[in-house]
Amino acid sequence: MRKLLSLLLAVTMLVSLMGAAFAEEMTEVGTPRRETLIMETQIPTDTPGQFNPYMQGTSMGFGNHQLLRAMMWEMDTVKGEQFGEIADGFPESNADFTEHIVKIRQGIKWSDGVDLTAKDVVFTMNMIKDTPGIGASAYYNVVFKSIEQVDDYTVKIVTNEPFPRLALRFGVTIWGNDLRVVPEHIYSKVEDVTTFKDSEPVVAGPYTVKSYDPLGNWVLYERREDWQYSSVGVVTGKMPQAKYVLVKALGDDSTRQMMMTSNQVDIMVEVTPEVLETMKAQNPNIAAWYSDFPYATSDDPCSKGISFMMAKAPYNNRDFRWAISFALNFDETTMDIFDGVGRASPIPILTATSAMQELYLKPLKEYMASLEIDLGDGTTAKAYDMDYAKRIGDKLRAEGRDIPTDEAALEDMFGIACYAYNPEAAEKLLIKAGLEKKDGKWYFEGEPFKINMSYLANTEAQAGRGLISAYNQLKQFGLDCNLVSESSATWDSNAALGNYEIGGYWPTGGITKDLYSVINGYDADLIVPVGERGSGQACRWNNARATEIIHELAKISPDDPKSYELGMEFMKIAIDDIPFIGFHSGVKFVPTNSTYWTNYPSAENPYNGPWWWWSCFKYILTEITPAAK
Amino acid sequence: MKFRKYFGLRLVTWALTILIGVTFIFFIPRMFPTDPVENMIGQIQSRSGQMDPQEMAALRKSLRVQFGLEGSLWEQYLAYLWRGLLHFDFGPSLVSFPTPAGEIIATYLPYTLFLSLISTLLAWIIGNAIGLLAGFRKNKRSSKILEGIAICIYPVPYFLVALILQIVFAYLLGWFPLQSNINAMGGTAAYLRSLFRASFLPALSQLLVGTGWWIISMKSLSAATAEEDFVQYARFRGLAERRIGASYVMRNSILTQITALAMSLGGAFNGAIMTEIIFSYPGVGALIQKAILQSDYNMILGCITISIVAISTATLIADLIYPFIDPRIRYS
Chain A
1 MRKLLSLLLA VTMLVSLMGA AFAEEMTEVG TPRRETLIME TQIPTDTPGQ FNPYMQGTSM
61 GFGNHQLLRA MMWEMDTVKG EQFGEIADGF PESNADFTEH IVKIRQGIKW SDGVDLTAKD
121 VVFTMNMIKD TPGIGASAYY NVVFKSIEQV DDYTVKIVTN EPFPRLALRF GVTIWGNDLR
181 VVPEHIYSKV EDVTTFKDSE PVVAGPYTVK SYDPLGNWVL YERREDWQYS SVGVVTGKMP
241 QAKYVLVKAL GDDSTRQMMM TSNQVDIMVE VTPEVLETMK AQNPNIAAWY SDFPYATSDD
301 PCSKGISFMM AKAPYNNRDF RWAISFALNF DETTMDIFDG VGRASPIPIL TATSAMQELY
361 LKPLKEYMAS LEIDLGDGTT AKAYDMDYAK RIGDKLRAEG RDIPTDEAAL EDMFGIACYA
421 YNPEAAEKLL IKAGLEKKDG KWYFEGEPFK INMSYLANTE AQAGRGLISA YNQLKQFGLD
481 CNLVSESSAT WDSNAALGNY EIGGYWPTGG ITKDLYSVIN GYDADLIVPV GERGSGQACR
541 WNNARATEII HELAKISPDD PKSYELGMEF MKIAIDDIPF IGFHSGVKFV PTNSTYWTNY
601 PSAENPYNGP WWWWSCFKYI LTEITPAAK
Chain B
1001 MKFRKYFGLR LVTWALTILI GVTFIFFIPR MFPTDPVENM IGQIQSRSGQ MDPQEMAALR
1061 KSLRVQFGLE GSLWEQYLAY LWRGLLHFDF GPSLVSFPTP AGEIIATYLP YTLFLSLIST
1121 LLAWIIGNAI GLLAGFRKNK RSSKILEGIA ICIYPVPYFL VALILQIVFA YLLGWFPLQS
1181 NINAMGGTAA YLRSLFRASF LPALSQLLVG TGWWIISMKS LSAATAEEDF VQYARFRGLA
1241 ERRIGASYVM RNSILTQITA LAMSLGGAFN GAIMTEIIFS YPGVGALIQK AILQSDYNMI
1301 LGCITISIVA ISTATLIADL IYPFIDPRIR YS
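Just so you know, the protein sequences line up as chains A and B, in that order.
According to our numbering, the first sequence is numbered sequentially starting from 1.
According to our numbering, the second sequence is numbered sequentially starting from 1001.
Treat the hints with caution; some may be incorrect.
[Claimed, not checked] Beta-carbon label-pair distances, calculated as ranges:
no., chain 1, residue 1, chain 2, residue 2, range
1, A, Tyr607, B, Cys1152, 52 to 60 Å
2, A, Glu532, B, Arg1004, 53 to 61 Å
3, A, Thr459, B, Phe1169, 43 to 51 Å
4, B, Tyr1006, A, Thr459, 16 to 24 Å
5, B, Leu1069, A, Lys572, 57 to 65 Å
6, A, Lys312, B, Val1065, 29 to 37 Å
7, A, Ser254, B, Arg1235, 46 to 54 Å
8, B, Cys1152, A, Gln282, 24 to 32 Å
9, A, Gly30, B, Phe1024, 45 to 53 Å
10, A, Lys197, B, Leu1122, 32 to 40 Å
[Unchecked claim] Restricting the straight-line Cα-Cα distance to at most 25 Å, the calculated cross-link-like pairs of lysine-lysine (DSS-like) are:
no., chain 1, residue 1, chain 2, residue 2
11, A, Lys572, A, Lys562
12, A, Lys103, A, Lys145
13, A, Lys513, A, Lys572
14, B, Lys1290, A, Lys197
15, A, Lys145, B, Lys1061
By construction, these hints were calculated from the structure, which means they are not laboratory data.
Treat the numbers as computed from the prediction; the structure is a model and nothing was measured.
Backbone N, C-alpha and C fix where the C-beta goes; we use that ideal spot for every residue, glycine too.
Assemble the whole structure, with the sequences as input and the hints as a guide.
Encoded structure:
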């Protein structure tokens, strides 16, 4: 009897073990793990089951615009060029840019099998225009006179004023765009589009909603069976590899790390370098843009640095701003921020992404190298330090980091230059700007001078660390400073009202050759007094020629060669007048886990940027492939 | 007659407490140097980069009207008293507009109550039982050990306990999920199973720390009561120690604990922010934190109003039931 029992027990154990060996690993939502790509979204949603892009409160970054939606024009983030997604090419405009013909790509079907046609585009744009409850409605009424269907695949758009940048404004240039075409055959039957949740959305993107957490922590998306007719299928002919994409909020930092190191998530949004190194040490399958130092990509189009409130004295004085620049040692700043990681972005307003570096910064190199600032005592000082890339490369190499020696690679990694460090020049310029130094302390208009500095708390580590570094250096230089961290709500209100002196804001951007969308907020006509809410011009930079250029650019096509010339002229003015001191371009440590999925975009395979939270993610999904078992 | 007078007075105090509380909570967020409209514009801008100046002006105007921030402060206050306080209609969440704040709170409140009420009640029962033993029999070795454990646990911040439990039982041992994932769409059995798994560690972290406090407070109360003349007299009369502990020491020590329990139960409506954040537990605490950071006035008002009403009501109920627990107290 005992033998029989032992045999039964052994057989049971064997069967259990075999079962476990052959059982497929499943996710918490009941899908096979090897068919499910799990990606992070930063915060849970308070509106679970709400997928209508035109109902406020819909969390678009929860996979909605990355997986479900097709845009009129999408972005090739590597080239910095748009391409038609729903639109078949770019608009054909008349001579004065008031009439535009937009062709619609044929072959795209909604996920319920209905063809996507011009009718859907015309309906969506008119719905926005005619529905005051939609945020963009008022703007659509300002811009558009009419939007009409010419035939099944042609739309005619008439604008109230010349509008040469239809694709740039109503297509994706960075994160996404508010124009998301919806199915006319569904939305036209909805009584009030601003309260229609659209819990089972019919979409043109390659995925549909499979299920969602009613408590708002996750959404499970499933690849369309007819993915060939989705926008991605029609544009690329490629199938997104993951059958399921689970988008979920991971919680606090420690939980995020534990989930990543235990392979419960494949791609995260952003971490600090310290967190990345800790995770890499625990799990060798975790990587970022570079597999080793410097890890991060420097191609996020929002450079970080310090922003001046130029409606107040002495911040409105160019000499003062140059003095601050000379007082800061960028070698110290870069080590304080991310231990030397990051491409310097040493011009105001424009970010030194790879594309912008080639288009604008390298052509401006000579101008920057020769720029000298008048110190007011008959002497001048070089504005830029052109040896930064080599110097920081040598320093990091000496610390044991694997840094290339090739000049082009160094420039790509660390930038073409940084602002020069020259405390002596800084002192002279402060005096030129009207400050006085008595007994080691600075005075302005007879009063002790103190700079109030602020940064956004608990997020945007790059911006925060940069401002803290600047604070320490300015204090060390001898300027009295006060440092404040602010919650996002206070931060945004203070920006709108101009309630700051030096802030770690990032009024920068740019990924396309045409700079109009990046610079039009610097129009001096938009300046309102401090304490009033303006539209653009939070920093209140008043430069007459820069404003003229913006007005000129508004009237010409982005394809006109003059557009580039004016953009270059604008940048020279900005460089000279220094409304913003750029530290680095947006440096992003975006971790991936190759346990279940591989071929993420990386420095070795830069087919796209690591922008999971942008609408272009659906195109990245065609390249991410399952890892070998 | 005495009861009616007592009840009437307590009711007035209750109503005044609520009115003063909600008045503060209405005006304080409006004194923040923040603006929900600018916050939303900031969020949109930070996502999509530069916004056309004309578009920004149009959007700002549209949002102010939609958020109901156009009227005077006084008009907004009166409207809030009528809608919010009397009808519990807090208006739309400004961040998740137009979804009503009440609807969002109603989604999360049951989970907060489930977690907090269970852990508070268990901690109260266990803590008071141990505290009574430790105080009543303070010279026994077991009492000293129990008190020592309580003294060690109590000062540890509850979020640290939560973190340790998460690392040990969820990350290293894998017995529980790292995050609270409640399966609300898979049927009752799956729902209850996932609710238990999701709530166990958060509840345990609150229970451990909460128990420590109840042990310490009850120990002090019961030790003091045990020295009273009437307890000594009971001993001289030869009553059993168990009876002395239950009928003499516990009944006289428990009054303060009941008031504190009432406050704790009322406070359960606030949620436990850090526990909720660490375990991604769906609760009101994290909702309040997010609402404050995003200047979601209506959500702040909704959450705090419920909390104020709950705490005031719990205290009122405790006051009313005192005489049933302690016959020495009369409605006077």
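Do the hints match the structure? See the list:
In this structure the supplied range 52 to 60 Å holds for Tyr607 of chain A paired with Cys1152 of chain B, their Cβ-Cβ distance being about 56 Å. For Glu532 of chain A and Arg1004 of chain B, the Cβ-Cβ distance of about 58 Å falls inside the hinted range of 53 to 61 Å, so the restraint holds. For Thr459 of chain A and Phe1169 of chain B, the hinted distance range of 43 to 51 Å is not satisfied, since their beta carbons lie about 30 Å from each other. Taking 16 to 24 Å as the suggested C-beta distance range, the pair Tyr1006 of chain B and Thr459 of chain A does not conform, at roughly 52 Å.
Taking the beta carbon of each, Leu1069 of chain B and Lys572 of chain A are about 43 Å apart, not inside 57 to 65 Å as hinted. The given range of 29 to 37 Å is respected by Lys312 of chain A and Val1065 of chain B, whose C-beta atoms sit roughly 32 Å from each other. In this structure, Ser254 of chain A and Arg1235 of chain B meet the distance hint of 46 to 54 Å, their C-beta atoms being roughly 53 Å apart. Distance hint check: the CB atoms of Cys1152 of chain B and Gln282 of chain A are about 30 Å apart, consistent with the given range 24 to 32 Å.
Checked against the hint of 45 to 53 Å, the pair Gly30 of chain A and Phe1024 of chain B passes, with Cβ atoms roughly 47 Å apart. Taking the beta carbon of each, Lys197 of chain A and Leu1122 of chain B are about 39 Å apart, inside 32 to 40 Å as hinted. This hinted pair checks out: Lys572 of chain A and Lys562 of chain A have alpha carbons roughly 15 Å apart, not beyond 25 Å. For the suggested pair Lys103 of chain A and Lys145 of chain A, the alpha carbons sit about 19 Å apart, so the restraint of at most 25 Å is met.
At most 25 Å may separate the alpha-carbon atoms for a hinted pair to count; Lys513 of chain A and Lys572 of chain A meet this at roughly 16 Å. The hinted pair formed by Lys1290 of chain B and Lys197 of chain A meets the criterion: a straight-line CA distance of about 22 Å does not exceed 25 Å. The straight-line distance between the Cα atoms of Lys145 of chain A and Lys1061 of chain B is roughly 21 Å, inside the 25 Å bound, and the hint therefore holds.
Hint violations for this structure: numbers 3, 4 and 5, all remaining hints satisfied.
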